Amino acid sequence: MSQTGLVGSEPAPSGGFLDSEEIVAALDSLSVHDKFKLKEVEKVFLRGTDLSAGDLLHEAMCAVIVGDRKWPCGLAPMAFIIQTMRSLTSHKRAKHRRETADGGAAQDAADGAAVMFSAKASDPEQILIEQESEDTVSAIQGCFDGDEQAQMLVLGWSEGCRGKELRELVGVDQAALDYVIKRVRRAMLERYPHGWKKA
Amino acid sequence: MTATKKSPADEQLDRIEDALIETILNSSEAELREDMKARGKDPDKCLAEIDSLIARAKTDAAKWRLERAKAELQDWRAGKGNVVGFDREAARAKFEKIRARDPELASKMLMAARNGQGLSDNDMEGMLEDLAKLERLDGEDDEDGKK
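Residue numbers (the working numbering), protein chains in the order written: chain H, 1 to 199; chain P, 200 to 346.
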C-alpha cells in the first residue's frame, strides 16, 4: 500500500481483470469530481519528467485501455488510473535522472568546470541529481516565507507525518490544519503548475 | 553508466508529493473548482480538456490495437509463425459472459451435455479461437466503417 492509500494492481479477491468493454465503461463512469482530481494529481506527478500537462494522463489512459496494465476486478477506477500514472512517472523520472546526470556531467566536462567531490556523494552525476532535489525542497520551503504554519506543514509532510503527529508539529487543531493544508495545496499548484521542475 | 539512486532530498520530495496527492483526493469538487479559479483557470474548460483527452486516448488505443492486429496478420501471411496467441483467459471470460446473457445458448449447451454431446476440450478451444477471430474482424470492420 502506498502512502496515498492506493493499492497496486494485485488481483482482487474474486480474481480476474476487467475486459476492454468494462475498462471503457469504467472510464466513462468517471464523475466531474474525479476528472478534476485527475487533472490536479497529474500536475504533481509531472515533477522530474519531461512531460507536459495532459501527456501523462493521456499515456496512462492509453495504457489502461490497451491493457498494458491489467485492471483487477473490484479496484476503483481512480485508484487504478492514479496507480498507473505513478508507475509511468516512476519510470520516466528514473530515465530523466539518468539523462540529466549524463548531460550535466558532459556539459561540466565541456565547460572545463571543476567538479566537486565529497565523502557524501563522490559521483559527479549523483551530486548533480542531489543538488537539484535539494534545491527543489528549499524552493518549496521558500514558497512559505513568513508563514510558519505552512513551513511546519511542509516539513512534517517531508518527514511523512500525518494526523495527530502533524497537528502537534504545526501546533493547531484539525480545523486549522485543514485550512493550512488548503493554503499550501493552492500555493504549490500555483507555483508549480507543471510539476516541480527546476526553472 | 552509474546507477542513479534516490537521495534523501528525493525521498523528502516523494513524501511531500504523496501528501499533496492525498489532499487533492480529499478535496471536494467545489474546492478544486476554487483552486483552479484561483490560478486563473476556467474549471469548465479544464473539464472539456479532460473529456477530449479521454476521447483521444480511446481513439489512439483503438488505432494501436489495429496496428498490432495488422502486424500479426502480416507475420502470419509471411509465414513467420510468431503470431501472438489470443488472450485465452479473456476469450473464455467473454464466452462465459455471453453464455450467461443468452439463456437459449445455455439451454442448448445443457441439452447437448445431457445427450452425451457435451463440449470436449477441443470444442471449447475451437469456440474460443473463433470468438477471438470474430472480435478481430469486428474491430477491422469498425475501422473500415470509419474510413
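Derived from the structure by calculation, the hints contain no laboratory data.
Among these hints, one or two may not hold up.
Simulated pairs of lysine-lysine, DSBU-like, Cα-Cα distance not exceeding 35 Å [said to hold, decoys possible]:
1. H:Lys182 with H:Lys43
2. P:Lys257 with P:Lys236
3. H:Lys70 with H:Lys35
4. P:Lys240 with H:Lys35
5. P:Lys262 with H:Lys92
6. P:Lys296 with H:Lys95
7. H:Lys182 with P:Lys269
8. H:Lys182 with H:Lys92
9. H:Lys95 with P:Lys257
10. H:Lys164 with P:Lys262
11. P:Lys269 with P:Lys240
12. H:Lys182 with P:Lys205
13. P:Lys244 with H:Lys95
14. H:Lys43 with P:Lys205
Nothing here was measured: the structure is a model prediction, and the numbers come from that model.
Tell me, in ascending order, the numbers of any earlier hints that this structure violates. Hint check: 6, 7, 10, 11 fail, others pass.
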